[in-house]
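Build out the structure end to end from the sequences listed, making use of the hints.
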Amino acid sequence: MTNSMSNVKMVSEIIENSYKVLKKEVISQYQVSFEVNKDDVHSILTLLKTSGWIQLSYLSAIDWPEENEFELVYIVFNWDKAVHIQIRTRLNRENPVMNSILPIFPGCKYYERETHEFFGIKFPGNPGHEKQLILEEWDDIPPLRKDFDPRAYSDRKFVKREYSNDFVNLNGEKSKQIAREERKEKIIKVRKGGRK
Amino acid sequence: MASIELIIVFTALAGVLSYFVGRLNKVAGSVVTILASMFVFVSVAYFGYNNELIHSTEFLPYVTFSVTYLGLFFAILVTFIFAMVSFFNPFFVEKYKYPALYSMLYLLSLAGVLGVFFTNNFMSLFFFFEFVVWTSLFLIPMGRSKRAASSYYAFSTVGSFALLFAIFIMREASGTFNIVSSMASVNGTEAAIVSALLAVAAFAKLGAFPLNVWLPRVLGNSPDAISAVFSGGLEKLGAFVAVLALVKLAPFGYVVDATGLAASQYVIAALGALTIVFGTLMAIRQDDAKKLLAYSSMSNGGYILVALTIASSASVSGGLYHVVAHALASTAAFLAIGAVSRITGTTKMSELGGMIHKMPVTYLVYLIAIISMAGIPPMGGFISKWLIFQAVIDKGMILVAVAVFFGSIGSFLYVFRPLAALFLGQELPQHREVSKEAPFFMLVPMVILSGLIIYTGVLPNFFLGFINNVLTEVGVTPLVIGSYTVTGTNGVLQPALIASVFGVGVLIAFIIFIVLKKSRKVGLMDTYTAGNFIYTEELMHYSLDFYAPLERLYEKYINITKDFYKRLENKVVDLGRLMKYYFFTNKPEIMVLWIIIIMGIILWGDIL
Amino acid sequence: MITNILFGVGVAFFGFVLQTSIAGVNRKVVGRVQKRYGPKWYQEFLDIFKLLSKRSVTHGWIFDFGVIMALGGIIGTAMFMPITSDLVAFADFDNFFIFVYLIAVGMLGMAMSASGSGNPLASIGVMRALTTMLAYEVPFMIVVLTIIKLTGTSSVTGIAEFQQLASNNWFMIALPLGGIVGVMSLMGMIGKKPFETYIAPAEIASGPMVEYGGKQLGMLFIMHEITVFIEVSLFVHLFLGGAENVVLFIVKYFLVYTTLNIISSVYGRFKIDQVVLFFYKWPILMAISQAFVAIYLGWVI
Amino acid sequence: MLSTKFTKLSKEEVDRKWWEIGDFFRRNSLWMLMYCTGCCAIELPPAMTSAYDMERLGMGPMATPRQADVLLVTGYLSLKTLRRLIYTYEQMSEPKYVVGIGSCTINGGIYHDSHAVINQLNRYVPVDVYVAGCMPNTEAVMNGFVDLMGLIKTKKANGWKDYHARNEWYMANQKAALGEVKVHDEFHE
Amino acid sequence: MSAILLIVVPLLAAFISILFKKASPYILLIVSFASVIVLGYIELEVITIGGFASPYGINLVFDQYSLIGLYIVNTLFFLVVAINCVKFKEMSTILLIALAGLNGLLLTGDLFNLFVFIEISGIAAYLITATNKNPLATFNYLVAGTVGSSLYLVGLIILYAMFGTLNMADMANEIAVSGVDASLVAFPFLLMFIGLGVEAKLLPFNSWVKGILASSNKLTGPIIASVYAATIGFVVGRLLTSVFVFSDTLGLVITIILLASIIAGEAMAFSSNKVREILLFSSIAQAGLVVLVFLQGFIGWGVFLVVANAAGKFILFTVTNHASDELGTDEVNDLKGLFVNNKIVGLAFTVASLSAIGLPVFLGFVVKMNILGDLFAEGNLFIPAVILITSVVEGIYFVRLLIKLWYKEHDLPVVQYDFIIKYVVVILAILIMVFGVYTAPIETEANDLDLISFVEGGNL
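Residue numbers (this note's numbering), protein chains in the order written: chain A, 1 to 196; chain B, 1 to 608; chain C, 1 to 301; chain D, 1 to 189; chain E, 1 to 460.
The set of hints was computed from the structure by calculation and includes no laboratory data. Just so you know, even glycine gets a beta-carbon here, dropped at the ideal spot from N, CA and C. Any given hint might turn out to be false.
Below, a sample of chain B positions facing chain D; criterion: calculated Cβ distance under 10 Å [stated by the list, open to error]:
#1 Ser519
#2 Thr527
#3 Ile534
#4 Tyr535
#5 Leu539
Not close to chain D: a few residues of chain C, all C-beta gaps over 12 Å, as computed [claimed, not checked]:
#6 Phe7
#7 Phe14
#8 Ser167
#9 Lys193
#10 Gln216
#11 Val266
Structure (structure tokens):
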């Protein structure tokens, strides 16, 4: 299977010698990811498209609330050389704006609208990307942001069924339910690094 | 005591009068047409029925009349159709280019039709035949297409000139133009030629298979009232000639012993069958309701031909009864579609929908008309189709039977298409405000026609009795009819019983319906759409390409005859162009060349 | 006359009860074919009366008028149907063409009210029903043409008596090709599986029946049952020599209907133009050749 | 010679008698609407096929809400599905019953904390029978149907009457959860 | 008051009109009107000029046949002049000469005298068509005309050499008496037939017709198409029925020519889309039909066919040429909706075209029916079949033309018809309608025309 490794090498030469790659990572023999500056993305994608990566497999975002950034991921695929390439960029979190790649990959239209709906990233150049696509009558911040708390939303909007706890713990032990919830609280506090 | 000649002259004068009145006020002119045609119908029907029509002639030279049952049958029917359709004139006449001319030509063609049915002299028959052709010719271009008129003229002239040729052959044999004596005096091969030519005339006028291209164009594009008159009235001229050609003259050619039918009968039956199949298939795929009804009258013309050519008692009475049933049903259907097109301006089914909400009476009229056209029991169409089936089965003509059965089931398909696409279904917003029920005077003829359709279906014996007189006169054994029953060749039918049993059934169903709980009234947009919320009516109305899977099967073969006649026309144009470019250049030397050639031919024998 | 009409209504009611119970039994048979018990034998009755007891929705007067006209037309046709050669409401008026064309009234009523319901699925279903009718009707009528030509009468009892004569066989045997075409057309008429394109639950949500519920649907179920009764008993009289007594009629009826049901329970569903192409390829050829052989050459077994 | 005096029944007694007869037919031929919302729907095929054969109970799948009597809510109900469910429920002919299958309809189940899934079905649509279990076994589903038939017999399965009686309450809940039921979407205009 | 005046007075007037240039149109009007009136007062007789006996002297035959011819030709001539006298002032002298020539053609009983009058009327025709502003066509017409008349002269000379006489009646007697074999006489008769055929617009010889009539104006159109055609029709009728003797080969060849010209005429008319072209090709076909009828020997109905054609073509050409003069073009698509504003002229045009097709209420119908009747009486089925088929084609292009002219597409062609044209055209249309319905006088006239045999008429 040497040619697949050589493909990855061949790809990385194409990208590296013409653009400044911030971080390169070979995920597997069929997948390699490059992190590049925001303004190089368009030219890289056009270069990749002309050299065989004709399909835009996926476009989405990752929310890094700590670094106050969004990370956009473009995954393009080449049917002949069987290599997925991930192009990643970082956007500022306050007003995330990224020009649409509609002229390069027309398939990105609904990906971008979905990303806008779930992350709030604006894509000028994609007609009507602010319109409601999947969520109907949504009245809260974009749900896939890390700072959105679904449980709070669920408690607020959908009334839970109250159960009267008509049960007694066996010989005085703490109920497993309460123990479970305390453990969960501790994990969250640790994950948040003690910062509120 | 009414004299036929007086009626004809009266109609012609009424036509001219309606022209001048029409010049003053359009609607008044068309009202004159109503009065005149109603008067003519009443006098012909009343006096004709208790045979007090005298046929002396004072004014018109060279024209002699005689009252025959055949002529009377057709005359009463066609004048009735003219009278009923004339009720529509005042409402449609504003839209036409020459309203006064419209009223005049309308009455003149009525006069011509009367002349055809009552004359006993072939030359005056031809005179009135051609008179009807050119008067109705100028009515067509007032509708949507101008080309239809020239194709109508072309085909009906082919028919009438074939008739003329036959008339002159008969005159050679008998020396006189009298219909009865000249028809009798022809025998052997001359009889064959004459009946073939008369058949061509019948085919041209009925719009049957080989000469059918004009019918859909004319009926589809001419003004609404006129297409009703054409399909109800003027087509029956073809049936009249068909009776002369197929029933009065003996069939000729090799006689098949198994069925006792002659070769000519097979040929004409085959062409009739082709007309039925072609008409049905083309009607199924039409999007314009009027074109669809045009193809349906073509296919019904095929039925009449098949019935008349078998010339047994059941078939001829079935054929004549079909003339009545088809005339009533297709006129009612055309008038209903005309009423819709008057309000919405279009008869294209893809642009219409849900007209029943605003025009229920028109809907009921159209429903009764299509029940008769599809040949379903309580209506007249069933009796005639039943008789024709009896004859076809009795003679064992299998392939013709295939076409006849296909035609009757197919007629159910294509008559249902306008009902579903045009009347039922979602009510389109653009027609919701503008459309309202047709005015009273338009409903009167439609309701009368539907009443008659039901009457001919439930109690056919009155009409069958009259048709029996025609049969005896034409020389076919009359049909055996009891007070309520009709006996065909292999079965007995009691239409009144069928209707009453159908009534009982509906009564039982109605009782079941009333006893149970009342349903909740819900609008048309509240339908099952697998959970999707719907707001636009157009998306929810299924009318375009109604029979798409069926139409796909024969899409490649639809305009065989149209292409044939187009190629024929191009041949004539090429010949003309060739002659023009060869002979008519400003070079005299070609003339001299031809002179020398001709001289050469003449002197060939002697000197060279 | 009144007694005949009452007798007719009795025949129609008998037809309904007979067919509904046999349909119930057949649902058990089909269940057994699929290795399961299947419902109670009177399940069809339960379904119909449950529907009649529910309160559903109507889309306007044409929606109801169509259903009434459909059921009325079919009850009217059933009243003409002879059970045995002497058990018949109207002695010599039970003409074959009355059945073929009065059923068309039922079809027209249902089609009219289905398109009047405003749901495009219903119109598509109606279109498919009419196209299927165009397909299976023509071969069937050619075979019946042969039968009428041979027996000389188009009254159903007449044809049945002709077959009961000692010298003649049943037409199923006498006209083998005709019998096969009769079976195929019967499956088309009843709307059994291979030709069930117009009630296709998966594609067009049970076709014309989309908007019906409650009593309208119940009445349409009754109409369907009586239509099946008419068509199967027509087949019995035309091809299996009618019946001397009621028991024989019921046995023949049951055999025909069950065999059809078993055949259909193993079939998939044709597309609509496959149905038309199928019927205009083999059945019509068989019908025409059978007619030609029987009438012109006179070879009848 | 018992003189069976014919006691004249009052109007509502006659209706009640008819209603009981109707109940007998309704419970013995329950038609369920083939509308599978969530993952518990996988339990239905085994209920129909030869193993459990719901047709023995007179039950069978029907294509459209107009014809169906029982609406099976199988599994979690997202907001978008709930809108369609309410629209379909209103299209069903009366008397109609709802069977909530799976714990997600009871208390939101494993999706109780999701922003898209409702937690308690009977606040929006009257439910007659719940079948608990995160994917209840087929016997449990069949048992649920038998319970429903029992409820119909004892005239307790009148969720549809409750929908009419407390309509405002249901409407208020629906508005609270969904905003408004009928929405425009660009793909069906 | 003898018939000679009809020739002499126009000639005299022609010379006078040269002197008084200004008064010439009025002279023309007066003379042509006078010649129509005087016809009523002359009695039928044969005039021998200068008292010489028939074989040598020239005699004018003024019998029933030429009376009808003169009536038609003079009335139409007067109508043409009435319409055009203002616009074509300078043509009056030539028109007077033409009138003299035409009258001479109709009256003469002597073959050589016929040649002289053909030359006179031919020259007048060349000059009249010169106003068409299409010199090449006129030149072509001139060449064709002279070739034709010279062939006629050669044929005449051969006949004179064989039988020694020039008088029509004597010639007919001589041929009958001498019992010469028809095939010997075939060649001279063919030459004479070709000579006349050029003028009678038969197919191989009528290459000039398209040039002349396609660009004709209000004067030349009616003159050539109706007046000249009628005269030639009468002349051909007189010669074919009384003088000519046909061998079977000559008969066959001539019928082929005639059928060819009918079929070709109709096909050409069907294929063209200029109004004047349609009309001229249709008149070619009609001319072929006229000669065919005379060939079969039906004098009476042949005459009335010529009359019907003349009247019909007069109306058609006048209306069309007036419109094309004003608009400059006669394309059918440009003339669409011509009759929307001028209905009376439109009605007359419709009547004329329907009578040309042969539809019931009009003169054309009566004539066509009787011709077909006589043809069938002869037991000949092929020719009527051709006539009927070609009249179907004719019907189609006339109906197509009419419908286009009556219904406007977009903007209407602005054409004003002055009062005279309307008046003249409507009268002719009414005449066609009247004689179409009230057919008694025509029937009697046609029957007694058949009875006259020319032989005695020649030296009456």
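A quick look at each hint next to the structure:
Evaluation of the Ser519(B) hint against chain D yields a held restraint, the C-beta minimum of about 9 Å falling below 10 Å. For the restraint placing Thr527(B) at the interface with chain D, the shortest Cβ-Cβ distance is roughly 8 Å, inside the 10 Å limit, so the hint holds. Because the closest C-beta pair between Ile534(B) and chain D is about 6 Å apart, less than 10 Å, the hint holds. A distance limit of 10 Å between C-beta atoms decides the matter here; for Tyr535(B) the minimum to chain D is near 6 Å, and the interface restraint holds.
With a cut of 10 Å, the hint placing Leu539(B) at the interface with chain D holds, because the nearest CB-to-CB distance is about 8 Å. Its beta-carbon lying about 29 Å from the closest one in chain D, Phe7(C) satisfies the requirement of being farther than 12 Å from that chain. Residue-level check passed: Phe14(C) sits 22 Å from the nearest beta carbon of chain D, beyond 12 Å. For Ser167(C), the requirement that its beta carbon stay farther than 12 Å from each beta carbon of chain D is met, with the minimum near 48 Å.
For Lys193(C), the condition that its CB be more than 12 Å from all CB atoms of chain D holds, with the nearest at approximately 16 Å. Here Gln216(C) does not stay apart from chain D, with its beta-carbon only about 9 Å from theirs, under the 12 Å limit. Its beta-carbon lying about 15 Å from the closest one in chain D, Val266(C) satisfies the requirement of being farther than 12 Å from that chain.
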